[in-house]
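Chain A is fixed; fit chains B, C, D and E onto it per the hints.
Chain by chain, the residues:
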Amino acid sequence: MATAKQNKKRSRKAGLPPGTLVHIGEKKLESPRITVIDYDEQNFQEKEISTIEECFPFKQSPTVTWINIDGIHDISIIEKLGGHFDLHPLILEDILNTGQRPKCEDYDNHIYTVLKMLSYDDKSETIRAEQVSLVLGANFVISFQESVGDVFEQIRDRLRNDKGRVRKMASDYLTYALIDAVVDGYFIILEKLGEKIESMEEQLVAEPTSKTLQRIHSVKRELISLRKSVWPLRELINGLAKTGSSLIKESTRVYLRDVYDHTIQVIDTVETFRDMVSGMLDIYLSSISNRMNAVMKVLTIIATIFIPLTFVAGVYGMNFKYMPELGWRWGYAAVLLVMAVVAVIMLIYFKTKKWL
Amino acid sequence: MATAKQNKKRSRKAGLPPGTLVHIGEKKLESPRITVIDYDEQNFQEKEISTIEECFPFKQSPTVTWINIDGIHDISIIEKLGGHFDLHPLILEDILNTGQRPKCEDYDNHIYTVLKMLSYDDKSETIRAEQVSLVLGANFVISFQESVGDVFEQIRDRLRNDKGRVRKMASDYLTYALIDAVVDGYFIILEKLGEKIESMEEQLVAEPTSKTLQRIHSVKRELISLRKSVWPLRELINGLAKTGSSLIKESTRVYLRDVYDHTIQVIDTVETFRDMVSGMLDIYLSSISNRMNAVMKVLTIIATIFIPLTFVAGVYGMNFKYMPELGWRWGYAAVLLVMAVVAVIMLIYFKTKKWL
Amino acid sequence: MATAKQNKKRSRKAGLPPGTLVHIGEKKLESPRITVIDYDEQNFQEKEISTIEECFPFKQSPTVTWINIDGIHDISIIEKLGGHFDLHPLILEDILNTGQRPKCEDYDNHIYTVLKMLSYDDKSETIRAEQVSLVLGANFVISFQESVGDVFEQIRDRLRNDKGRVRKMASDYLTYALIDAVVDGYFIILEKLGEKIESMEEQLVAEPTSKTLQRIHSVKRELISLRKSVWPLRELINGLAKTGSSLIKESTRVYLRDVYDHTIQVIDTVETFRDMVSGMLDIYLSSISNRMNAVMKVLTIIATIFIPLTFVAGVYGMNFKYMPELGWRWGYAAVLLVMAVVAVIMLIYFKTKKWL
Amino acid sequence: MATAKQNKKRSRKAGLPPGTLVHIGEKKLESPRITVIDYDEQNFQEKEISTIEECFPFKQSPTVTWINIDGIHDISIIEKLGGHFDLHPLILEDILNTGQRPKCEDYDNHIYTVLKMLSYDDKSETIRAEQVSLVLGANFVISFQESVGDVFEQIRDRLRNDKGRVRKMASDYLTYALIDAVVDGYFIILEKLGEKIESMEEQLVAEPTSKTLQRIHSVKRELISLRKSVWPLRELINGLAKTGSSLIKESTRVYLRDVYDHTIQVIDTVETFRDMVSGMLDIYLSSISNRMNAVMKVLTIIATIFIPLTFVAGVYGMNFKYMPELGWRWGYAAVLLVMAVVAVIMLIYFKTKKWL
Amino acid sequence: MATAKQNKKRSRKAGLPPGTLVHIGEKKLESPRITVIDYDEQNFQEKEISTIEECFPFKQSPTVTWINIDGIHDISIIEKLGGHFDLHPLILEDILNTGQRPKCEDYDNHIYTVLKMLSYDDKSETIRAEQVSLVLGANFVISFQESVGDVFEQIRDRLRNDKGRVRKMASDYLTYALIDAVVDGYFIILEKLGEKIESMEEQLVAEPTSKTLQRIHSVKRELISLRKSVWPLRELINGLAKTGSSLIKESTRVYLRDVYDHTIQVIDTVETFRDMVSGMLDIYLSSISNRMNAVMKVLTIIATIFIPLTFVAGVYGMNFKYMPELGWRWGYAAVLLVMAVVAVIMLIYFKTKKWL
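Residue numbers (numbering that gives the first Met the number 0), protein chains in the order written: chain A, 0 to 355; chain B, 0 to 355; chain C, 0 to 355; chain D, 0 to 355; chain E, 0 to 355.
In isolation and in its complexed conformation, chain A is listed as follows (with noise of 0.2 angstroms):
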């Protein structure tokens, strides 16, 4: 259960300075990748540095820079970015807790930008989350991952070969872009969680088993931590679209409100996904209680009809002296008949009664 164990590492913090740089998170990397893109409508570049200091210079460019930092453990050079980027303290602290809300804020010269990027492990079977921050000043985008592996390719790819408008724009258009591939990211892990609604549905009128509950229990719980990454969403990009800050254009908040949209839908479709997944527990537990009726209505037609034949066989195995029956000629053959009709009686009592 992740969020135990986020807690678990937030109470390290617990009574230190605000601003005090303290990773709070699993080390997913052995050191941390740092690559720059830097790029006008006429030039790009592209490269990986072993130093942190080596981007330092991209802050005075009139060109935009993107540096992405991918592994948030090493401190120091977090330190020292915040430190040639002038970033305000909480932003660092922010970047470092790994646990953080979704979440937009304007610190004048800079807009921080938190948000979480989902991928789908289809081994395990399950979403795994990690913590992208944006850091969106004039002219350059810093972008912080807990891992190598992410969901920009394709817009580095249209950097590097001018395909679309992101060139032509400034670095708000390329968080914008950014954002747009985390929430584009949303819809195929929606994909992955309507396939399994969909299995598990056709489990449930087949042959519900209590693997079919914990299936469906296991759904509700990503969908519970899907819901918690994709609310607060709505509020951060509403926030970025109406902030006063200069460092958003006009241009770019059209595109800001069609990234809105998209995450409207992620949301719609999440609440669809619950409310049938609570349709499904709704269906599992009264097929439960069909099949156990069902049992119930064959014990009880067996045994009516069988218990009062027994005791009937049970009266005349009894050893009395006098029991005339006994002696007649056809005792045998009427208390057979007797039995039967009895028998029949009571299956047609069923009958009437739809139980058989």
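Keep in mind that the hints were calculated from the coordinates and are not lab data.
One copy or two, either will do: identical chains are not told apart, so a pair holds if it fits within one copy or between any two.
Computed cross-link-like contacts, DSS-like style, restricted to lysine-lysine with a CA-CA straight-line distance of at most 27 angstroms:
(1) LYS79 to LYS162
(2) LYS210 to LYS195
(3) LYS58 to LYS167
(4) LYS79 to LYS167
(5) LYS102 to LYS248
(6) LYS102 to LYS79
(7) LYS122 to LYS191
(8) LYS167 to LYS46
(9) LYS122 to LYS210
(10) LYS350 to LYS210
(11) LYS352 to LYS210
(12) LYS227 to LYS195
(13) LYS191 to LYS219
(14) LYS219 to LYS195
(15) LYS58 to LYS79
(16) LYS227 to LYS102
Just chains B, C, D and E now, with coordinates in the frame of chain A:
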């Protein structure tokens, strides 16, 4: 499950630059059908065109032009149209993505509206949804549908025969009329669902089976998906009525208020249906447990009467040498009498317990 | 189910131009009945007219005129009236459509109000709803009802006998008085429902049957439909009280606030009733399972006592040649004793388990 | 059920003109008791008067006058008072109607407040509600209660002995003090309910019976009705604190904020209690089904052990001529042994299944 | 149950004038402990004082003074302090009443904040709550706690050793730091609860007992009470951040925003935990009914196999004279064979029904 499928397609877009035109949805039609209706109070012209370029001249004409496109999988047509009518790339993207949430966007010189046209398929007893996009310009309306066949036939009639107000009004009134026709279509769906619910209620009272449960859940799911189409409509129409855009004239707003009322009515009815359906689920479940109760009672009555009697018979079936009762002249009769008395006492007991 | 029926009729309108007059609802009356009451502080005149034209002269008179029309299926009358009194086509459309949601619309020179008048049919034990439309003009009020018979008789009395304030006030006060009478009528419905709930509660405690469940659900459904009539009223009256229209005088607003309070009280009571009814459902379900429990206990006690005893009897009913016990002098007595002891031990066990 | 009764009375008013004085409620007192307390910082005067006219002179006096009327069924008194103190007819109507929802109304020269005074009847273990109306004027407060006996005794003491701030302050502070006393009374109710809930919890753990269920539901119903009294109070006090009326002085507002906090605390506790009670319902239901489970297990164990054994005994009780086992020397012993082995195996099986 | 106890004490105050100082709560300490920390950027002084008067001189000093009082049952101390520091009587009343809802009140020259400090008692596995009141003045902060021991030790360390920003900032920053420490403490609680939930989940899967249910409900109740402490915090911190008071400096607001985010995170986690716990309740209930199902199946299988066989045995145990089968040579063998066949057929039937 339409939702899962939609998401599956949606993920094809993940990572592409915004404004990239990718058709997301099923290809419901071989080649798109384009019809143009051009009118003002005096003139009326209607024709089906084969190439999209034929409708370009209408852009300049002072008359109102309604271009309707059935089938949106041919991206080149959408692109050319977008280019000529100067539509924002995000509009074009949204038109092609059939998983849109109903919404209304104001792009300075256009208002883009997307909503779901629902129809009821009597054969499969399911609701079919089709996405309708409306682009309102100064003197034109462009509508995009996924396939041939819509709820707009009566509007075409009114245009042809100059019935009602529509020929006297501008393009905003036509947009209203189209939205109104879509909302009116919802009432037909509600009617069908209402009938279904009514028949299910009768079934519930008469003879609830596990099939009833499945029907309840299928209606529940239809209501969930209907709700998803209808709720955003409120905001959509409200947005349209309150937009500052000069494209919506003052005189049209009162009509938008009217269709807004209809939408609220649809939402109200959907919510009432939801309440009713979940009430039916309760009835179903308690009727199941009532049944179980009845079964249990029969079992208990039979068992509790005959088990003691069988025991008595068993006792006198024992082979002990010294069992004085066995030699009595009236022993057998006495035992039978005792058994009868026990049975009668038990029946009276059950009677007082109201189990009979 | 009224809702389904309403929708059925409503769909007849789908696609017609707005303002097209189609009567949607049941035809509850043969021919409409029109009554006119004209009054000011000094004068009072009341008459039943046979053609709608007879009421036209009152439009100009400075006195307050109340035109009441029972029966709205005769479209021509509504049309003529609308023409003379200059009513907006959408008002006329709404009057004829009996599936309206309660609302209040401000059309410059008229205020249109539509609400549900409820009455309780003691015979069928159901709530009957009738749509009442009120058009408030400068010096007239026109009210439309579906059939003869209403809750306004006391207002007519007050007008005839100059009781209370009503003859001294303008048409807005009359409108208020009519709305107030409708809302007062809701208290009678609540009273009936309250009695029903009370009697159901007694039944629940005394002897819950599956019929009780059906009654609970019927009350639940009545509350759902009552709620649908009452909730929009809040907004309606609020809208009326806060409208900028000069038709509503300042002095009337305090009375609207009063009827607003009554509406809130009705809503509160409806919500409380809903809470109580759903509480009763819980009680019903748990009383059912309590019963099941009791049945199971009896079965278990009887079975667990006699099954082992019957086994013992069975053992000594076996026909083995060498069964020494069978020859013992006190064998039979000993076996009976053992059986009695076993039975007593079991009874004590059940006693400690509190099953007896 | 108080609610039903209230509505029954309420309907007597249906159709009467607003402001018509009809007493709605139970007549709790033979003849009204009127007491007058007149005070300022120096002077204090307290007397019981027999005719309402005796208190009229106080209207002009600059001192603060508190007129308290116990018993509101004598309409003439209310009318005379209303006439002299110039109270709006709607205030008088509301005072007489004991089914009011707590509210606060600002009539230019008066502020009318109505709320519920609750007391706990230890004998019947129920909450008794009494309506208290407060009319705040420039230098007087008139309070109306349904019967003698209230929570204001300590305020009278403070007035008599000049304790606290109350003698130094104006009539608005007295109004605050009265409201505060009513709200403080709620804490006593909450305490009683808290004790009830605590004792129910112990009962639930120790030995849940169907009586426990009834107690849970009675507390639930008390919480529903408490909630109905408390929720509107928030709005009431807020309205009082934010009114623009000069009757409420700035210095009193901070005290209103304080009583507002108390109200929120009461609401919070009521909601927490509701949560707890519904949690108890869950525990009750699952303890019932746990019990059922236990009963079923015993039945199953007994039955599954003895039914096969009885069958074996039955086989050797058959009277076939050629049953070789019957003649064996150790046949009987062998069968007994086999039976014992079967029984032991079954017991072990149940052990592994954790049924024992 | 803490809530009930709190209310019990609270009612002691009913009817007393506002501002009357009565200690409501448990007396957790023998005699109050008072510590004073006085600091600015250069100086630091910390001492424990024995009489409250010793701290009075600090009021005038320009340095920031933090007076911490552990133990609030000694009313005279609170009164003297209130007198000297000019605190509003309502502040003093609230400090003494330990049942306060977290809130923040702005009294011109002071800001009063009250919140709950939570700690986890590992022995009893319960959450302990202690009320902390903070009074922020121009250059002092007074904090009141119920007992010795708090979460502020690290802040004292930071003050002593001049770590972080706190010595450089004014009293408002100290207030923030104290609130932040309290909120950080919540994460520790969440961590403990998260562990509990995790271990319960494992238990649920492995072997659910009625003790698991009790644990689920105890966690549920802890979440209810945690929620009650946390929800109002949002409003509190928001109020603090948005107050117009000059006591909160602009530079501190960004830190308040940060602690606000933490609060939201706590609330989110509490809500997620609630969702998870109620999901676990569902799992528990369905695992119970699964078990019942399994029990029923075994009973049914055993009973339905052996009851018919026992009947057959009973038939041939009858003592009729003329039962030809009894004399047959292979009669016994044939009957045994028939019985075996019946048993096998039944087993196959159960197999196809998936009951085995």
